Amino acid sequence: MSSLKNNPAVLAGKQKADSKHRRLWLKIVQRRYIYLMLLPVLLYFLVFHYFPMIGILIAFKDYSVKYTFWENIFHTPWVGFKHFISFFESFYFQRVFWNTVIINLYGLIFTFPAPILLALLLNEVKNIRFKKTVQSITYMPHFISMVVIAGLVIDFTSSTGVINTILNLFGIEKIQFLIEPEWFRTVYIVSAIWQEIGWGSIIYLAALAGIDAELYEAAVIDGAGRWKQMTNVTIPCITPTIIILLILKIGQMMNVGVEKILLLYRPTTYETADVISSYVYRRGMIEMQYSFSTAVGLFNSIINFTLLVSANQFSKKFSETSLW
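Here my numbering is used: the first residue of the sequence shown is 1, the next is one more, and so on.
Think of the hints as simulated: they come from the structure by calculation, not from any bench. None of these values were measured; they are calculated from a predicted model. Any given hint might turn out to be false.
Stated by the list, open to error - No more than 20 Å apart at the CA atoms, straight line, and that leaves these computed lysine to aspartate or glutamate pairs for DMTMM-like:
| hint | residue 1 | residue 2 |
| --- | --- | --- |
| 1 | 260 | 180 |
| 2 | 260 | 274 |
| 3 | 260 | 271 |
| 4 | 82 | 287 |
| 5 | 228 | 214 |
Claimed, not checked - So the derived label-pair ranges between C-beta atoms look like this:
| hint | residue 1 | residue 2 | range |
| --- | --- | --- | --- |
| 6 | 223 | 125 | 47 to 57 Å |
| 7 | 92 | 170 | 34 to 44 Å |
| 8 | 267 | 202 | 32 to 42 Å |
For every residue, glycine included, the Cβ atom is placed at its ideal position computed from N, Cα and C.
I would like the entire structure built from these sequences, with the hints used as guidance.
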């Protein structure tokens, strides 16, 4: 052992490792204020995102309000996949699952491209005052409370609302948008576009601002018009940003804003409006079946994680852009 300790190669390796550790600590000390600024963010994620993951165990137990949280975690009986099986065999499983998938697919098809189109259109506007006015108007709905947004949607789509008033002018009969099941998804997606199109365009406008002006000059020299410049310069330059945001969007495919659903849906529209998040709310918060609702939420999260990893691997395979 002593011969190994005195071995020049071992000593050199140890000195190299010690030197690396000293350099690391020196960098931390030199940049201590940056790490102190990072500390609140780390604490936020630890306290509100990672620590609560202990509650996942409730999905595999029979949670009871008679016991404390820690007693439910460590002392209540283990029931395995009982609550998952109960959900899969439930009458509501197919309805809430497919409603969630369909609404998110509509969102991917219509809501996701809308900010891109707005950003491209605003990028072509040369009148700065008009551009800023449009941006301010389109940003505004994002900062309005969801309750207010839902109230506006209900007013607009009511039998005496603006939309039905306009339809009557063209001789079209009134439509009960929030009572007839076949109209709920349309109302949800259109209101989502109205609410988020301006806010979502900010990232794309930032990406457009970073495009090198020399690329446009070279395109003009080659005889490219505005359309050719957009298709051959603008869109390819912002494609990495689009791909990253698309991957993140796919990773949330099984999430639907529960607040908006709860504010807009009615028992008559459950057929097309009831989604996994609203079902979890009813079973967990109203019927107090905490273990069951936790199991459903965990199932939802597993699907989202699988979709995120799959989308990232697909992007990595067919393009140079990926999250990791």
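Here's how the hints hold up against the structure:
1. 260 with 180: Since the Cα atoms of residue 260 and residue 180 sit roughly 17 Å apart, the hinted pair holds (cutoff 20 Å).
2. 260 with 274: Judged against 20 Å, a Cα distance of about 11 Å means the pair holds.
3. 260 with 271: holds, 16 Å
4. 82 with 287: holds, 18 Å
5. 228 with 214: Given that 20 Å is the threshold and the Cα spacing comes to 15 Å, the pair holds.
6. 223 with 125: 47 to 57 Å: Violated: the Cβ-Cβ distance is about 23 Å, outside 47 to 57 Å.
7. 92 with 170: 34 to 44 Å: holds, 39 Å
8. 267 with 202: 32 to 42 Å: holds, 38 Å
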